[in-house]
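K.L.:
In case it helps, mature numbering (1 follows the signal peptide of the UniProt record, and there is no 0) puts the sequence shown at residues -24 to -1, 1 to 516.
Derived from the structure by calculation, the hints contain no laboratory data.
Incorrect hints may appear among the rest.
[As the list claims (entries may be wrong)] Here are the simulated lysine-lysine pairs, DSBU-like style, with alpha carbons at most 30 Å apart:
no.: 1; residue 1: Lys130; residue 2: Lys180
no.: 2; residue 1: Lys500; residue 2: Lys486
no.: 3; residue 1: Lys317; residue 2: Lys289
no.: 4; residue 1: Lys130; residue 2: Lys76
no.: 5; residue 1: Lys317; residue 2: Lys336
no.: 6; residue 1: Lys322; residue 2: Lys289
no.: 7; residue 1: Lys336; residue 2: Lys322
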Amino acid sequence: MITNQIFILNFLLFVLLIMKTVRSCNSGCDLALASYYIEEGTNLTYISNLFNQPTSEILKYNPNIQNPDTIQSHTRLNIPFTCDCLSGLFLGHTFSYKLKEGENYKAVANGYYSNLTTIDFLIRVNSYPATDIPAGTVINVTVNCSCGDRDVSKDYGLFLTYPLRNGDSLPGIAMESGVPVELVKRYNPASNFRAGELVFLPAKDENGNFPPLKMGSGMSKGGIVGIVVGGAFGILLLVLILYVVFYRRKKVADQVTLLPVPGASELDQSSQLQHGRGSSMDKTSESTTVVSPRLTGITVDKSVEFSYEELAKATDGFSTANIIGRGGFGLVYYAELRNEKAAIKKMDMQASKEFLAELKVLTHVHHLNLVRLIGYCVEGSLFLVYEYIENGNLSQHLRGTGKDPLSWPARVQIALDSARGLEYIHEHTVPVYIHRDVKSANILIDKNFRGKVADFGLTKLTEYGSSSLQTRLVGTFGYMPPEYAQYGEVSPKIDVYAFGVVLFELISGKQAIVKTDEAKNESKGLVALVVIPPTSCKLT
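Build the full structure now, drawing on both the sequences and the hints.
P.N.:
So, in structure tokens, the structure goes:
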């Protein structure tokens, strides 16, 4: 018990350390370039409208174009744009695109914007799910950029955002940029230089020269460091310490429930992981094969399979009156299933990766502070059936959206519960699980005001003790570390950082992204508002 308490304390203090030393941006730069791959039938006027840049401005950075009316396909075009500090978290620029009938995020990311952004990025910066975007909707298209890094070199102050394609190589792009291979690697330390990745390359200005880094611009790996102020945060930590050490001393340590609890409900017993015996649920087996046109041959251990008819009956035909939540991958319905309350997430077949990720995690990992999966269904759509959590999610209580405000003892308890759930998937499972979407909306609160971490659709599995790896960018803005937003590097620190943002939300009641100027539609991350940047960033 004492060991567990000490770990929780260390976990919370580690959050504090992460929040103190995180790199973020204070400002952007006036100019960055995007490498746009020209497909057949594309003309300069179309590209000009896409990036809201006059053709004359584009031609300044493309001296090889002799006739603007006939640009060569299967070549690249450098597009100038301003590189902004978005929400105080990372460098990028948000373009606007109006969707036409039949268009979707994939067409925009992979086609129109030539892989300068990703489908996942578009889902995160827009309010519409990937499967339901009305025609005529104006969406945000965010493209990452760089202003340089004075820790690498002060000789380069203009950078090209370059999407790698099949056939691109590190020596090739270094030669094309006119800079050494080692310099490209230092500017992109987390990149594997594979097709589909974004890298940042030193670029030449309109005069054909490499402009130097301007004083005060560029992100320093060690210089742009925030100092967490916050008597409130210190008070919260003090309360957590007192609570863990004294009040919780006699509490029995958390444990994974492996056998049915006497007197538990039918749904409770049927969804428990059992050893040496079968489940009372007639459709439960030690290994169930999921049969679906898109999921043929996939096996999920120890799962409960429901029929579509049973789920439809439990939700009054998936009535809109039963909707209790919605997200990027589907709707969540309240259900009365086998005389018990349940929550059913309905997902489109296109979300099979997220469906399988959550199914795999929650059939193998059981903990008091993780939401419990009851079963699944794959008829027509993808369905996940969970225990019903009575008090909604943490975000609803903090924002006053139909839920009562939380007392300070309740906030402390929910913080502890969430920490325990994350500590379990990070430290006590093999392989290790990284949630990648920890946020207040994904922390559910039960009738006793205890917290449970939910929504494991973006979870990443890694081997214990392995180093961080690079992957596609997923998650929610405001909760993602700047390094992850820029490089896509995955490690448990992603969850730790996000948990720190949740702690700030618990203290302030504010959202992870805060509007700072309604008139100018400007916003900043909550971390940027509570972290004071250094008074000076002296170059040495």
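K.L.:
All hints are to be evaluated individually against the structure, with a verdict given for each.
P.N.:
Hints versus structure:
About 14 Å separates the Cα atoms of Lys130 and Lys180, which keeps this hinted pair within 30 Å; it holds. For the proposed pair Lys500 and Lys486, the alpha carbon gap of about 12 Å is at most 30 Å, so the pair holds. The straight-line distance between the Cα atoms of Lys317 and Lys289 is roughly 13 Å, inside the 30 Å bound, and the hint therefore holds. Between Lys130 and Lys76 the CA atoms are separated by roughly 44 Å; this puts the pair beyond 30 Å, and the hint is violated.
Of the supplied pair hints, the one linking Lys317 and Lys336 holds, its CA atoms being roughly 23 Å apart against a limit of 30 Å. Among the hinted pairs, Lys322 with Lys289 is consistent with the structure: their alpha-carbon atoms are about 14 Å apart, no more than 30 Å. A threshold of 30 Å between alpha carbons decides the hint, and for Lys336 with Lys322 the separation of about 17 Å falls inside it, so the pair holds.
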